[in-house]
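If you read the sequences in order, they're chains A and B. If you read the first sequence in full-length UniProt numbering, its first letter stands for residue 1, the second for the next number, and so on. If you read the second sequence in full-length UniProt numbering, its first letter stands for residue 1, the second for the next number, and so on.
Please keep in mind that the hints were generated in silico from the structure rather than gathered at the bench. A quick note: this is a predicted structure, and the numbers were derived from the prediction, not measured. Take these hints with a grain of salt, some might be off.
[Said to hold, decoys possible] To be clear about the criterion: a stretch of chain B counts as covered by chain A if any three or more of its residues have a C-beta under 8 Å from a C-beta of chain A, and this derived list gives those stretches:
| # | region |
| --- | --- |
| 1 | 279-292 |
| 2 | 309-319 |
| 3 | 357-367 |
Glycine is no exception: its CB is placed at the ideal position from the N, C-alpha and C atoms.
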Amino acid sequence: MRFLLDAEQRAFAASLDAMLTAAGTPAVVRAWSAGDHRGGRALWSRVADAGVFALAVPEEDGGLGLRPVELVVAFVELGRHAVPGPLVETVTAAALLTAPGEGRELLPALAAGTTMTTLAPPPTTFHPTPHTAPPPTGDTDAPAPLALDGDAADLLLHVDARGDLRRAAGHGRVRGSLDPARRLTPLLPGGALLAQGPLPEGALALARLTTAAQALGVGLALLERTVAHVRQRTQFGVPVGSFQAVKHRLADARIALDLAHPLLLGAALTGDPFDVAAAKAGACEAAYTTARAALQLHGAIGYTAEYDLSLWLTKAVALRTAWGTPGECRAAVLRER
Amino acid sequence: MDLSPSPGDEAFRAEARAWLAAHVPRTPLPSLETGEGFAAHRAWEAELAADRWSVVSWPAEFGGRGCGLARWLVFEEEYWAAGAPGRVGQNGVSLLAPTLFDHGTAGQRSRVLGPMATGEVVWAQAWSEPEAGSDLASLRSRAVRVSGGWLLEGQKTWSSRAAFADRAFGLFRTDPDTPRPHQGLTYLMFDLRAAGVTVRPIGRLDGRPAFAEIFLDEVFVPDEDVIGAPGEGWRIAMSAAGNERGLTLRSPGRYLAAADRLAALWRERGAPESLRGRVADALIGARAYDLYTRAAASRFLAGEELGAGSSVNKVFWSEYDLALHETALELLGGEAEFADGPWAEGYVFALAGPVYAGTNEIQRDIIAERLLGLPKGRR
């Protein structure tokens, strides 16, 4: 037993952190939220160059072979820096496209970052409310699949009611998210068949795992920023961070994040459905707890869209319910035990 | 990165499982916070020790098996999954013994550890005083130098297990004239039946004497029962807290087993929807604590100090344990309040968790100041 990241994995995290810090992600996120994808696409290429998407693509398709632990390491950093775009959807699509079919030839460009890919969750994946929107055309009874950032992505995928993977021909009008950087787009139904179901088991687990990792990174960033804030903000002549009520709220956030992190790495290592559901619930709840503390301890400034804290606050909210709500994950945990 | 057990660990697991299956009492022992239960738990320690299962992580010369942390985790999983009794010797084994391994003399180790491992001598802790709780360093009980040893004078309180235990360990002020309260303290061991010692048991919430006051009136302690140098007591007492002790005070196996029992109870009671989330949280929390402990153990084995991380650990398990028992009581419905119900003893015990071993308020201060770097303030 040696349940620790090795030197190479730690160096990978550090290099992503350095690259994303230098990229100045807050300005990129704000442009992305307004529908200007240029900065986001440039950042996407750098994320691809760092090898992140290749971690979900088989070696024979131009990738590094599926490496869940490294994916978790990468997604924690992507979350810490609030990187926009269909990150989870792209790596999940990679896992789906490895199924025999037409789609496989799309993988090299996906790994290289030239094909930004989004994916609508299958209509029946998550009980009780499918992640869907009213149909964009109005001429069918089935709700349209809803995908993240379809207006930015090159490849729009959805899994239909039969479990087949299809490439949508286009998308409807963008629907806003509580996280302005997440632009939700209804996909046109049908489209070219890329792979026949049943699709590879574990692809949806990968969506949960990477969403959880992203959420944990969001939580870490919120804690870091809030600690810095309460150290420098003074009231009654002393830093507010010297008050016990403030300290204890942040200590609780730290405890939640500290316990969620190994859950996430454990899930990456075992791939066990129990562990994956536990990690999704654990990491997203820890991030949300931290977001609530961050909002409270920043006071009114934290409640403004203008202040950069909002980029992480709103993401903690959106990721909590994306790819499996805490309730759905808790139900999955009980099914597995 | 690797969570897989070695073949040796698996063989060890099988051996532990087989032994426990053959020896764990069929019916639960009486509460260890009663005279009868204390004696029964002491006898159980002797039974464990006879086959070297009472202190698996100690070296063989003191009755252990020299298990590393990985194997200790395996043993604890098997122990609690088998429904084996609570450990009456825990204070000595998890608090005093690590201190003796780090700071004791060879003579102290050979005198103290053997009888501790068999349950022949059960130890109580004697830290708190009426005026020194969270602010432990303000303690006033004194040890005065005399020929060949020290005379103890003062009062200790909230001393777990002291109602029935044989000996105790704690901190005493040996130099009243130091500039700071943490200085001038000495760590020593004493006999609860020595002349001048009066033990007054205190009933916890359910009335059982789980702890006691200890009055000390010129109690003689020989030099050989002082651990480390006089005046170094605070450093010695605290050094173990941030290390293995912080990791091993409550094992993940204990909560993995408790969470499985809770899930079984939930199903047995018709899997009520209203408690689904809380039962799931108990399962998730146990796995999180398991993996957290494995990560911490791996860091420790790689030579890292755990330091204030042990405060994260303590707040987590104490609140986790209480939440789990509260969920169990809800599942029991009208039977929940039965004093002899299957979860009652555990619930009453869990209620104390956020208070003992450093209150959770003090632990959160430590997390905020040492892990997050927030400024010190008035508590």
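These are the hints, each one checked on the structure:
1. 279-292: holds (count 11)
2. 309-319: Coverage by chain A holds here, the residue count being 4 at a Cβ distance below 8 Å.
3. 357-367: holds (count 5)
The structure meets every hint from the earlier list without exception.
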